[in-house]
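Asks: For the protein sequence lines, the chains are A and B, in the order given.
Okay, so the first sequence: first residue is 1406 according to my numbering, each after it adds one.
Okay, so the second sequence: first residue is 144 according to my numbering, each after it adds one.
Hints listed in this document are in silico derivations from the structure and should not be mistaken for laboratory results.
All C-beta atoms, glycine included, are put in the ideal place defined by N, C-alpha and C.
Keep in mind that the hints are not guaranteed to be accurate.
[As the list claims (entries may be wrong)] Sample of chain B residues facing chain A (criterion: CB under 8 Å; computed from the structure):
| hint | residue |
| --- | --- |
| 1 | K274 |
| 2 | G308 |
| 3 | G397 |
| 4 | K481 |
| 5 | K484 |
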Amino acid sequence: MPKITFVAHDGTNFEVEAENGSTVMENAIKNAVPGIEAECGGACACATCHVYVDDAWTDKTGGPEAMEEDMLDFAYDVQPTSRLSCQIKVTDELDGLVVKVPERQA
Amino acid sequence: MSDKTTPIAETDVVIVGAGPVGLFAVFELGLLDLKCHLIDILDRPGGQCAELYPEKPIYDIPAWPEISGQGLTDRLMEQIAPFDPVFHFNRMVAGVEKQNDGSFIVTTDENEKIQAKVVVIAAGGGSFQPKRPPVPGIEEYEDTSVFYSVRRTEEFKGHDLLIVGGGDSALDWTLNLLPLANSVTLLHRRDSFRAAPDSVNKMKALVEKGELSLQLGQVTGLNGSGGQVESATIKTSEGEMVDVKCTRILPFFGLTMKLGPIADWGLNLNENLISVDTEKFATNEPGIYAIGDINTYPGKLKLILSGFHEAALMAHAAKKHIDPDERIVFQYTTSSTKLQKKLGV
Chain A
1406 MPKITFVAHD GTNFEVEAEN GSTVMENAIK NAVPGIEAEC GGACACATCH VYVDDAWTDK
1466 TGGPEAMEED MLDFAYDVQP TSRLSCQIKV TDELDGLVVK VPERQA
Chain B
144 MSDKTTPIAE TDVVIVGAGP VGLFAVFELG LLDLKCHLID ILDRPGGQCA ELYPEKPIYD
204 IPAWPEISGQ GLTDRLMEQI APFDPVFHFN RMVAGVEKQN DGSFIVTTDE NEKIQAKVVV
264 IAAGGGSFQP KRPPVPGIEE YEDTSVFYSV RRTEEFKGHD LLIVGGGDSA LDWTLNLLPL
324 ANSVTLLHRR DSFRAAPDSV NKMKALVEKG ELSLQLGQVT GLNGSGGQVE SATIKTSEGE
384 MVDVKCTRIL PFFGLTMKLG PIADWGLNLN ENLISVDTEK FATNEPGIYA IGDINTYPGK
444 LKLILSGFHE AALMAHAAKK HIDPDERIVF QYTTSSTKLQ KKLGV
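With the rest of the complex left out, here is chain B (with noise of 0.2 Å):
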C-alpha cells in the first residue's frame, strides 16, 4: 500500500469499537496519560449494549444492582469525559498497517487515516452488518440486484423497487426512493410496522393514491438469471405465492454481527475469536492488543465486567510499550492527587 495520504490525525491509542470495554479502555489509558481515538459502525457509543438491549437490565456489573445497557453506556461516557475521546462514528475500520516506527495507521472504510502509537480491539462480537434474510439463492443478487443499504440513490433510479420490511429503514427509503423508481411495492410480513408513525402515514397515503404499492407477505424466493433478478415470488399473509417483477430488492432485516476485516490483519485466531495473553491482553502483532467479548484464552468469560479487569492490564501495558523507560508507579485514584487532577476531581 503506498497511499500516501496524510494522516487526519494523530494519537496515542486507537480503539477499535466504542462498546463498553471500549469506552471504559479510554479510562484505564488515560489514567496513564493516553489520548484515545475511538472508531465503530454504529452512530453512538455503546455497542451490543445501546443497539441490542439499550431498555434491558444488566444484574452483573459491580456496584449496580441493576443498570439498563443504555445506562451504563450514558455512566461510562460521563466517566470517561475528562479524557476527551475522539470518536469516528459510523466508521469501520478497513485497514491498519505498521510503519517502520512500530506506530500504525489506522484507515476508515472511508479512507480516513488516522496515526497511533497502539491499537486496541474491543469490537465485542464484530461490527455490526445488515442481516442477509434467509431467502435461498440471494447471494447470487447480491451487489448486483440486491441491496442492503443505500450508498447511492442513482442505483435505483428507474427501477422496479422492492423494498422489505416494516421498519425505519424500510419505511424512510420506501418514501425517499418513490420519485426516482419506476415503481416501488413494500413488501411487509404484517399489516402494523415499527416505524415511525409519521412515514407509516405517509406511506399509507401514497398506498390510497395508487403512487405505491404494499404488499403483506414474505419472500421465499427469487428469480432471474445472471445476478439480475426480475420478480421476487411472496406468500402472502392468506398463504397465496405470487410473483412481485422488480429488478431491485432492498431487504432490510436487521444488523448481524461479523468480525468483518479484524480476520485479515494478520492476528491469531481462534475460531473468529482473537488470543491474547492474560498478562497484558496483547494479540501476536506487538503494539495491538485485544479486550472483551472478542479476545480469547484459557478461562475466558464473555463478561462486561471482565472486559474492565482486562482493560486495566492491557492500559498498563500499552504504556510500557509506548514508553519502555518510564516508570509506572501504580496509584488509586482514591489517594493520588495526581490522578485525581487528571479526573478533574
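Next up, chain A with everything else stripped away, as it sits in the complex (with noise of 0.2 Å):
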C-alpha cells in the first residue's frame, strides 16, 4: 500500500499506510493526525482538511481544480502548493507522498 507522511505543524511526522482510492483526508483522520479537521466530511464544502503539499510532489498531485481553489478562498495563509486533502487521491504514484498540516484551519 502506498504510504503517505503527514508533518503535523509542531514538525512531528505520522507515516501511514493508505489504501488506493482513498482520500489523503480519509488517512488522515483514520491515523488521527492532529490538525486536519474535515469538518464538512470530504464533500469539498469547507476548507479545514488544508495541507501544503511538498514541493517535490506537487507535480505528481496535480494542482486544485476550480471548486477547491473556490474553496481555498477559505483557508488559513494559502501557499502555492495548498492543497485540500480530501480532493486528493491516494494511487500507486503518490507511494510515499509528503504533505505538511498548516498552522490552523479555517
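Put the complex together from the two separate chains, hints included.
Replies: In C-alpha cells, the structure reads:
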C-alpha cells in the first residue's frame, strides 16, 4: 500500500499506509493526524483539511480544480502548494507522498 | 421573561431546522393531523443538503441509488406539500418558553413568537453562522471594528473599509457600501472571483476609475487597540507584508455550523448533541423532541435515513403527548383511505 507522511505543524511525522482510491484526508482522520479537521466530511465544502504538498510531489498530485480553488479562499495562509486533502486521491504514483499540516485550519 | 407580545401564530408543532429530517417530520406529523411551522437560519429549505452540497450525489437514500442534495430537498418539499407547512426562513430560534398549560412559545431572533404544543429540534449540525477567519487576535475587534454581516449600513458610514473575500457577499457589499464609506479596499487571495460576473465587472471598473482599491493577498494580523482596528497586516500575493489602513473590516469567509442558543435551553447535552431516548426521541424536557444529526443515543448513526426513522417514531410520541387519550390507529399509506385523503391522492 502507498505510504503517506503527514508532517504536523510541530514537526512530528506521521507515516501511514493508505489504500488506493482513498483520499489523503481520510487517511489523516483514520490515523488521528492532528490539525486536519475535515468538518464537512470530504464534500469539498469547507476548508478544514488544508495541507501543503511537499514541493517534490506537486507535479504528481497536480493542482486544485476550480471548485477546490474556490474553497481554498476560506483557508488560512494559502500557499502555491496548498491543497484540500479530501481532493487528493491515493494512487501507487503517490507512494511516499509528503504533505505538511498548516498552523491552523479555517 | 414578561414579554406580552401576542404570538404571530399558533400551531401544533414548531420544527427547528428545515433540513431533510425536519422536512420529513412534517410528513409523519401531518399523517397524524399535526400542523407544522419550520424555522431555519437559511433562506431556503434543505439545510446542509442545500447549503453544502446541492449538486453532490447522495448514494444511501433508500430506493434512490443516486440523488443530489437539491434533488432530495425538492422531492421532500413535493412530498410534504399536502400538509401546508409554514416556513420561517432567515430566522434563528432565540428562545423557547414553557407555558403553564404545557405548550411552548418559540421566539425567533426577530422577536416573532409562535405558540406550539410540541417543539421538534431537527437542527442538524446547528445553525449556519459566518465563519471567523483564522486571524490571530480577531476576537478582540469583533462587533466593534470587525463585522461578519451587515445589519445596518450606517455602521460603515464614513469609515475606511476593508472587505475580505471573493464571493457574492464580499462583492455585493463592496459595491453597496462604497458610496457610504470614506474608502473601500477589497482584499482577495487571488485575481479570480467566485462572485457573479456582473458584480466582478462593476468592481473592476471602479478599481480602474480609482474609486476602489483592490488588493490581492491574505490578512495575517490586525493592529489597533481597545477594540478599534487601525490597520490590517496583509501578506500580498507576491509575499510582501503591507499594512492597509482601515477602521472597519468585513470578512466573508463562508459559513460554519454552531449549536447556538439551543445550548441554553436546559436540555441534556452530550458533546453538543442532545440526548434522547430511542422510543420517542424525547429530550429531558417533556414536549421537546430531537431528531436527526443533532441528537445522540447509543448506536446513533448520523445518516439521513436514520433521521427519517426517528421522525416517524417521534411523530407518534408527539401525537400521544398532545392527545393522550386519543387512540392512534396504525395505518399504511398504501391501504388507508383516511391517510390517502390527507395526502390528496
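Asks: Does each hint hold? Answer for all of them.
Replies: Hints and how they fare:
no.: 1; hint: K274; in the structure: 7 Å, holds
no.: 2; hint: G308; in the structure: 7 Å, holds
no.: 3; hint: G397; in the structure: 5 Å, holds
no.: 4; hint: K481; in the structure: 41 Å, violated
no.: 5; hint: K484; in the structure: 40 Å, violated
Checked against the numbered hints above, the structure violates hints 4, 5; every other hint is satisfied.
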